[in-house]
Amino acid sequence: QKEVEQNSGPLSVPEGAIASLNCTYSDRVSQSFFWYRQYSGKSPELIMSIYSNGDKEDGRFTAQLNKASQYVSLLIRDSQPSDSATYLCAGSNSGGSNYKLTFGKGTLLTVNP
Amino acid sequence: GAVVSQHPSRVICKSGTSVKIECRSLDFQATTMFWYRQFPKQSLMLMATSNEGSKATYEQGVEKDKFLINHASLTLSTLTVTSAHPEDSSFYICSAKLAGGPETQYFGPGTRLLVL
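Listed in order, the protein sequences are those of chains A and B. Residue numbers for the first sequence follow the numbering used here, beginning at 1078 and rising by one. Residue numbers for the second sequence follow the numbering used here, beginning at 1257 and rising by one.
Honestly, the hints are just simulated from the structure, not real lab data. Only a predicted model underlies this, so the values are computations on that prediction, with no experimental measurement involved. Any given hint could be a false lead.
If you want the ones that stay clear, here's a sample from chain B, every Cβ over 12 Å from chain A, calculated [said to hold, decoys possible]:
| id | residue |
| --- | --- |
| 1 | Glu-1278 |
| 2 | Thr-1287 |
| 3 | Phe-1290 |
| 4 | Pro-1296 |
| 5 | Gly-1309 |
| 6 | Thr-1313 |
| 7 | Lys-1320 |
| 8 | Leu-1330 |
| 9 | Tyr-1362 |
| 10 | Pro-1365 |
| 11 | Arg-1368 |
Each computed PhoX-like pair below joins lysine-lysine, with the alpha-carbon atoms no more than 25 Å apart [as the list claims (entries may be wrong)]:
| id | chain 1 | residue 1 | chain 2 | residue 2 |
| --- | --- | --- | --- | --- |
| 12 | B | Lys-1276 | B | Lys-1320 |
| 13 | B | Lys-1270 | B | Lys-1311 |
| 14 | A | Lys-1177 | A | Lys-1119 |
| 15 | A | Lys-1182 | A | Lys-1144 |
| 16 | B | Lys-1270 | B | Lys-1320 |
| 17 | A | Lys-1182 | A | Lys-1119 |
| 18 | B | Lys-1311 | B | Lys-1297 |
| 19 | A | Lys-1177 | A | Lys-1133 |
| 20 | A | Lys-1133 | A | Lys-1144 |
| 21 | A | Lys-1119 | A | Lys-1144 |
| 22 | A | Lys-1177 | B | Lys-1297 |
| 23 | B | Lys-1322 | A | Lys-1177 |
| 24 | B | Lys-1297 | A | Lys-1119 |
| 25 | A | Lys-1119 | B | Lys-1276 |
| 26 | A | Lys-1182 | A | Lys-1133 |
| 27 | B | Lys-1322 | B | Lys-1276 |
| 28 | B | Lys-1311 | B | Lys-1276 |
| 29 | B | Lys-1311 | A | Lys-1182 |
| 30 | A | Lys-1177 | B | Lys-1276 |
| 31 | A | Lys-1177 | B | Lys-1270 |
| 32 | A | Lys-1177 | B | Lys-1320 |
Glycine residues also receive a C-beta, built at the ideal position from the N, C-alpha and C atoms.
With these hints in hand, go ahead and build the complete structure from the sequences.
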């Protein structure tokens, strides 16, 4: 199993719908998790971080972490066309001291007006 | 807060020349910075981890003599692509981790390199 896996998509949702992005990870990546958004031609920007089991909400975004099942997800409520981007899931290497993040390949989300 | 800048944002150079890219943390100290490369429609590829005051740690397959990294201060890391060739053309992005903070990485805006 690759360390961080994402469905590459593309995922297409209508405006106003909930977009659900999922990510699974291996044992080597099990400390902290991050969701980044990357617009075409731009660098990634941090959306949310999550460290413990459960849900974490920030505005329209909710991150969910389930360490027993080794998955992390991102829900985007009331999706807007401006949310159209590639979403990158990343995890930190367990027990590592160099703080490296391992990124998934990203899921392309398109929100249709 | 947590703003990272890169300079230049775009560079075009001739094959065989060297190009230096700067990465600065503007409002925080970063003991650790990271350099990534991203080819079109592909994911981020970590090239190296840069620690202030020590040698960079390169990922497997990345030539340390070709991609020189210097992290001389808590707010500045530089990547020099030596003797650049067309296959080095890519989007180079740095990120920085807050000193003493969690693993969160804040990304710079990236440098687009085109080698002719």
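Cross-check of the supplied hints:
no. : hint                    : verdict
1   : Glu-1278                : holds, 15 Å
2   : Thr-1287                : violated, 9 Å
3   : Phe-1290                : violated, 7 Å
4   : Pro-1296                : violated, 10 Å
5   : Gly-1309                : holds, 15 Å
6   : Thr-1313                : violated, 7 Å
7   : Lys-1320                : holds, 16 Å
8   : Leu-1330                : holds, 15 Å
9   : Tyr-1362                : violated, 7 Å
10  : Pro-1365                : violated, 5 Å
11  : Arg-1368                : violated, 8 Å
12  : B:Lys-1276 - B:Lys-1320 : holds, 14 Å
13  : B:Lys-1270 - B:Lys-1311 : violated, 28 Å
14  : A:Lys-1177 - A:Lys-1119 : holds, 21 Å
15  : A:Lys-1182 - A:Lys-1144 : holds, 20 Å
16  : B:Lys-1270 - B:Lys-1320 : holds, 21 Å
17  : A:Lys-1182 - A:Lys-1119 : holds, 16 Å
18  : B:Lys-1311 - B:Lys-1297 : violated, 31 Å
19  : A:Lys-1177 - A:Lys-1133 : holds, 23 Å
20  : A:Lys-1133 - A:Lys-1144 : holds, 14 Å
21  : A:Lys-1119 - A:Lys-1144 : violated, 31 Å
22  : A:Lys-1177 - B:Lys-1297 : holds, 22 Å
23  : B:Lys-1322 - A:Lys-1177 : holds, 22 Å
24  : B:Lys-1297 - A:Lys-1119 : holds, 12 Å
25  : A:Lys-1119 - B:Lys-1276 : holds, 20 Å
26  : A:Lys-1182 - A:Lys-1133 : holds, 23 Å
27  : B:Lys-1322 - B:Lys-1276 : holds, 12 Å
28  : B:Lys-1311 - B:Lys-1276 : holds, 17 Å
29  : B:Lys-1311 - A:Lys-1182 : violated, 28 Å
30  : A:Lys-1177 - B:Lys-1276 : holds, 23 Å
31  : A:Lys-1177 - B:Lys-1270 : violated, 33 Å
32  : A:Lys-1177 - B:Lys-1320 : holds, 18 Å
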